[in-house]
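Respectively, the protein sequence lines represent chains A and B. For the first sequence, our numbering gives the first residue as 1, with consecutive numbering after it. For the second sequence, our numbering gives the first residue as 1, with consecutive numbering after it.
Just so you know, these hints were derived from the structure itself, not from any lab. In this text, a Cβ means the ideal position worked out from N, Cα and C, and glycines have one as well. Do not rely on the hints blindly, as some may be mistaken.
[Claimed, not checked] Now the in silico label distances, taken between C-beta atoms and shown as ranges:
1. Thr128/B with Pro82/A: 21 to 27 Å
2. Pro62/A with Val107/B: 53 to 59 Å
3. Met313/B with Lys21/A: 38 to 44 Å
4. Leu282/A with Ile154/B: 52 to 58 Å
5. Lys124/A with Gly156/B: 39 to 45 Å
6. Phe184/B with Leu79/A: 54 to 60 Å
7. Leu16/B with Pro62/A: 50 to 56 Å
8. Tyr174/B with Pro82/A: 55 to 61 Å
9. Phe245/A with Ile317/B: 45 to 51 Å
10. Leu251/B with Pro63/A: 35 to 41 Å
11. Met313/B with Leu309/A: 54 to 60 Å
12. Leu251/B with Ala67/A: 45 to 51 Å
13. Ile300/A with Thr128/B: 44 to 50 Å
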Amino acid sequence: MGENLLEVQDLKLYFKVKAGKVRAVDGVSFTIKPGEKLGVVGESGCGKSVTALSIMRLIPQPPGEYAGGSVLFEDQDLLDVPESAMRKIRGGQIGMIFQDPMTCLNPTMTVGKQIGEGLRIHLKLSGDQALKRAIALLEQVGIPDAATRVNSYPHQFSGGMRQRVMIAIALACNPKLLIADEPTTALDVTVQAQILELINGVCSEFGTAVMLITHDLGVVAGMTDRVVVMYAGKVVETAPTGELFANPRHPYTLGLLASVPRLDEKRHSELRTIEGAPPDLLSPPPGCPFMPRCAFARAICRTMPPLELVAGNSSHLKACWVNVTDPNEQAYADRRRKARLEATQVAISTSADVTLQQTS
Amino acid sequence: MGRYIIRRLLQALLLLALLSVGMFLLIHALPGGPEQVLFNPRLSAAGRAAIRARFGLDQPLYIQYLKWLGNALVGDFGFSFVTNQPVSELLTERFPATLELFSFALVLALILAITIGVISAVRQGSVTDYGLTTLSYFGIAMPVFLLGLFAQNIFGVWLHILPVSGTSTLGFTYDPFNAFLDRFEHLILPMLVLAVSFIAGWSRYMRASMIEVSKQDYMRTARAKGVAPVPLLIRHALRNAVIPLITVVALDFGQVAGGATITEGVFAWPGMGLLFLDSLTNRDFPVLLAMLMISAVFVIGFNLIADLLYGVMDPRIRYS
Chain A
1 MGENLLEVQD LKLYFKVKAG KVRAVDGVSF TIKPGEKLGV VGESGCGKSV TALSIMRLIP
61 QPPGEYAGGS VLFEDQDLLD VPESAMRKIR GGQIGMIFQD PMTCLNPTMT VGKQIGEGLR
121 IHLKLSGDQA LKRAIALLEQ VGIPDAATRV NSYPHQFSGG MRQRVMIAIA LACNPKLLIA
181 DEPTTALDVT VQAQILELIN GVCSEFGTAV MLITHDLGVV AGMTDRVVVM YAGKVVETAP
241 TGELFANPRH PYTLGLLASV PRLDEKRHSE LRTIEGAPPD LLSPPPGCPF MPRCAFARAI
301 CRTMPPLELV AGNSSHLKAC WVNVTDPNEQ AYADRRRKAR LEATQVAIST SADVTLQQTS
Chain B
1 MGRYIIRRLL QALLLLALLS VGMFLLIHAL PGGPEQVLFN PRLSAAGRAA IRARFGLDQP
61 LYIQYLKWLG NALVGDFGFS FVTNQPVSEL LTERFPATLE LFSFALVLAL ILAITIGVIS
121 AVRQGSVTDY GLTTLSYFGI AMPVFLLGLF AQNIFGVWLH ILPVSGTSTL GFTYDPFNAF
181 LDRFEHLILP MLVLAVSFIA GWSRYMRASM IEVSKQDYMR TARAKGVAPV PLLIRHALRN
241 AVIPLITVVA LDFGQVAGGA TITEGVFAWP GMGLLFLDSL TNRDFPVLLA MLMISAVFVI
301 GFNLIADLLY GVMDPRIRYS
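Please take these sequences and the hints and turn them into a complete structure.
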């Protein structure tokens, strides 16, 4: 306690739908220290964004519903504070950047007003002061000619420039934590690196902690101190970034890393993927959610493994029964993978035969 | 912007010219055209010819049209067949009453429609929303004349609190202040009835627009900034949601020159609508023609105003 800026413990957020409850976030725990940069990775629909929005209490309720857990921000449980206090934290203590800068800015307000709005709410600045500070912020995020651009409307900016404006909005009140929800996903590849560099640079300068949500492992490797890997609304592995890339311990993390194309790979070799699709969160399978896709799976996986320390490392946690570094386990997984591949190929060739017969 | 307005005005002039030809021809093609209205059946053939000549009706239609157009361009729409007053005088007499009725109804309707729309949208799916929705459909479905009659019966006949027709109490002379009060009392019922029909439609529009806007990503951005619910509603949601309403309101207000025929009829409000009704039954063609032209000018004018307001309200729209 005390040393962590943010401590998410066993957070559960479900969406009520007609057919039941979608367990979008199902017992997520992680921590962020002041000034620390945390990456949250996982494939689409694994609950990364919902986790971020539920920290900010920005999930509309209903259909959203907190089913348990706590979000301690500076030792204060954000799930308990009244809405008025929460508003002071949003924008004031925790800033947030969203995925699509094209739709996330108000089209009928100048960017200066949009940046100034937070300043006027949290720092009680006057209109003039807020405008001056907005110009300074725009300069800081690298917008040329900020003094005139401050009166422009969002549609007069390009995608990358708008994301810079979003960063200025999020960092306007010098928050202690910045949550960036896939900040580069909607941008041109050429602009992505610039934006990440900007977030990294500005946050290092101010000592702002960052929670960077992404599905791009390259992004995580470049700028985070620690990584949380999420799967099906659960944290499956967390470790310091270097450790995670060098020594992944969860089969899902292994799969993610294996599916990143490498420069030293043989050319024209097939890109590797993780077979199958994530489970339906409306009725997740009992036990480990990754079991149906996992080559290491066996009987014990029908019970959910706890998120526990990896032997011999005090900062590396995984939620898996199997020791993936054990050669016996690896041989077992290889056999299962091969068998699965053969079965798939047989299925493909027979279906091809069938279609051939039908067409001839 | 200036160039855009000039281009639109030129387009409007062309449209008006075409409209005037069309309306002139239609009016002259109506059964019981101008001649039959004017002529006394007992007139001799010579007498008829004399009247024809006097009104210029013996000339070819295109000459008649050009003469009418020439006069109309300088504001002279000829004389009413029925009252022998100059048409322009008749219109300047009637138009202020309609404008008064429409303006008050418009302001009232705008305030109520936006309020109702916002409340419905914010409380979407609640009892309040369903209640307001039901009321709106009631307002849309209710014939105006029936609503007017009900209003007269309830507020005038039963409760005795409001006058049921006309613009002032006859037989009394008031000092200016009480005269104003008296006129306002007469205005209330027709204004309410006219406003109801506007409110019903506009509030539905406003509700849909607000719901659409509240789903936008920038609303979430604003909440993530710590914006409180009321500023969120006004500065972010309302500002964006009223933009589509502008067209609807401007087009409805464009009817002002035609008057609210039914409302004015029910409440004997001496406006353009009532004049139109009277002129139609009396086949008073110079008046009808003038009114139709002025209505067209207003509808086209308010269309242009709506488009320009769009540019003011939505920075993404720039005319050049």
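Structure-based check of each hint:
no.	hint	verdict
1	Thr128/B with Pro82/A: 21 to 27 Å	holds, 24 Å
2	Pro62/A with Val107/B: 53 to 59 Å	violated, 38 Å
3	Met313/B with Lys21/A: 38 to 44 Å	holds, 42 Å
4	Leu282/A with Ile154/B: 52 to 58 Å	holds, 55 Å
5	Lys124/A with Gly156/B: 39 to 45 Å	violated, 55 Å
6	Phe184/B with Leu79/A: 54 to 60 Å	holds, 55 Å
7	Leu16/B with Pro62/A: 50 to 56 Å	holds, 55 Å
8	Tyr174/B with Pro82/A: 55 to 61 Å	holds, 57 Å
9	Phe245/A with Ile317/B: 45 to 51 Å	holds, 49 Å
10	Leu251/B with Pro63/A: 35 to 41 Å	holds, 38 Å
11	Met313/B with Leu309/A: 54 to 60 Å	holds, 59 Å
12	Leu251/B with Ala67/A: 45 to 51 Å	holds, 50 Å
13	Ile300/A with Thr128/B: 44 to 50 Å	violated, 54 Å
Hints 2, 5 and 13 from the earlier list are contradicted by this structure; the remaining hints agree with it.
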